[in-house]
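Chemist: So the protein sequences, as listed, match chains A and B. Residue numbering for the first sequence follows my numbering, starting at 1 and increasing by one per position. Residue numbering for the second sequence follows my numbering, starting at 1 and increasing by one per position.
To be clear, the hints were calculated from the coordinates, so they are not data collected in a lab. Keep in mind that the hints are not guaranteed to be accurate.
Quick look at which bits of chain B chain A covers, simulated, 3 or more residues with Cβ under 8 Å [as the list claims (entries may be wrong)]:
1) 53–63
2) 93–103
3) 124–135
Simulated restraints on C-beta separations [what the hints assert, rightly or not]:
4) B:Gly109 x A:Ala91: 45 to 53 Å
5) A:Gly92 x B:Leu44: 16 to 24 Å
6) B:Val163 x A:His114: 19 to 27 Å
7) B:Val163 x A:Gly131: 30 to 38 Å
8) A:Ala75 x B:Met41: 16 to 24 Å
9) A:Met32 x B:Val39: 22 to 30 Å
10) A:Glu90 x B:Ser27: 37 to 45 Å
11) A:Glu90 x B:Asn23: 24 to 32 Å
Glycine included, every Cβ here is placed at the ideal spot set by N, Cα and C.
Number of protein chains: 2
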Amino acid sequence: MSTETLKKPAPAINPKLIAPFVNSVRSVFQTMVKVETTVQMPRLKADPCPSYDVSGIIGFSGDVIGNVVVSLQMAAAKSLVAAFAGMPIEAGTPDFSDAIGELANMIAGGAKKHLGLAASITVPSVIIGRGHQIARLSDVPCIVIPCVTPAGDFAVEVNVKQVNQPAN
Amino acid sequence: MSTETLKKPAPAINPKLIAPFVNSVRSVFQTMVKVETTVQMPRLKADPCPSYDVSGIIGFSGDVIGNVVVSLQMAAAKSLVAAFAGMPIEAGTPDFSDAIGELANMIAGGAKKHLGLAASITVPSVIIGRGHQIARLSDVPCIVIPCVTPAGDFAVEVNVKQVNQPAN
């Protein structure tokens with residue numbers, strides 16, 4: 001680990017891996033959360049990366065490795081969880097974390113179906129902490145899908161790469 | 001999601017799933033990090049859970065699902081990364097995150113070998129943020145393995161459950 005590695009850029013991501021995530025975000029927010037969501041153009045993750053208050057993380061293994069992270073400011077998290085659950089849920093309770101985890105799970109699960117690759121996804125991890133960052137690892141490509149809703153903005157980070165060619 | 005679910009206790013964890021993680025933490029810190037580490041008695045995760053500055057998360061899927069989290073205060077993270085890498089590494093750089101991710105990966109990978117189950121592990125996610133918490137999800141058991149080193153304390157959280165019986 002030399003200091004020279006600090007300067008290396010993020011690795012490129014395969015655009016074919018991104019479309020299923022964009023489509024899944026749109027579908028989940030239209031049909032499950034029922035909040036109007038504008039999905040902006042995906043872009044490379046900035047360095048230093050933005051900070052959030054709540055994150056739900058789902059890991060991928062198999063032919064696609066990496067993770068997908070749904071990161072929200074607290075105000076947006078509370079509004080979206082209330083819309084999703086049909087009632088306000090106090091932040092910091094297991095129910096609140098479950099709802100954030102389930103949002104991440106639906107986005108990752110929806111995308112997985114359309115990747116056309118053999119991948120497993122993990123149960124969610126949920127992070128709560130004012131102004132935390134999901135660090136960029138040097139060998140995992142990072143794409144951010146910015147999302148705008150009337151309840152506040154959030155971002156879906158797709159940090160995945162394909163390690164095997166599909167069987168068909 | 002009713003308010004009654006807020007009161008439900010964490011589900012029980014199979015003790016046989018914990019020993020491989022305890023042994024792996026000992027082995028990684030003795031042989032790779034080369035820092036004297038006292039592994040304390042594993043205990044159920046407290047609610048509300050303690051907060052940390054740096055966390056490395058590895059997901060499990062397959063016959064064991066869940067995740068393992070290595071959570072550190074920043075002072076301990078800097079000291080342990082310096083011991084592991086053989087030189088100080090600035091916090092917030094990709095090299096620092098890579099080192100934290102690699103620590104989590106070695107602990108999860110070492111434990112996976114001794115679980116005797118078919119499980120896949122993900123690449124790490126690394127969270128950096130002063131005083132963040134890893135939320136407790138209502139259906140994932142949570143055990144904390146507290147670890148004490150001269151460089152500062154850290155904790156390994158094991159949030160896993162077995163979903164299939166082993167083949168043999």
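Chemist: Each hint should be assessed against the structure and marked as holding or not.
Modeler: Comparing the hints with the structure gives:
1. Against chain A, the segment 53–63 of chain B contributes 7 residues with a C-beta closer than 8 Å to a partner C-beta. That satisfies the three-residue criterion, and the hint holds.
2. With a threshold of 8 Å between beta carbons, the proposed coverage of the segment 93–103 of chain B by chain A holds, since 9 of its residues qualify and at least three are required.
3. Only residues whose C-beta sits within less than 8 Å of a C-beta in chain A count toward coverage, and the segment 124–135 of chain B has 12 of them, enough to reach three; the restraint holds.
4. For Gly109 (chain B) and Ala91 (chain A), the hinted distance range of 45 to 53 Å is not satisfied, since their beta carbons lie about 34 Å from each other.
5. Checked against the given bound of 16 to 24 Å, the beta carbons of Gly92 (chain A) and Leu44 (chain B), roughly 18 Å apart, stay inside it.
6. The given range of 19 to 27 Å is respected by Val163 (chain B) and His114 (chain A), whose C-beta atoms sit roughly 25 Å from each other.
7. Evaluation of the 30 to 38 Å hint for Val163 (chain B) and Gly131 (chain A) yields a pass: the beta carbon distance comes to about 35 Å.
8. At roughly 40 Å, the beta-carbon separation of Ala75 (chain A) and Met41 (chain B) lies outside the given 16 to 24 Å, and the hint is violated.
9. Checked against the given bound of 22 to 30 Å, the beta carbons of Met32 (chain A) and Val39 (chain B), roughly 42 Å apart, lie outside it.
10. The hinted window of 37 to 45 Å between Glu90 (chain A) and Ser27 (chain B) holds, with their beta carbons roughly 41 Å apart.
11. Checked against the given bound of 24 to 32 Å, the beta carbons of Glu90 (chain A) and Asn23 (chain B), roughly 38 Å apart, lie outside it.
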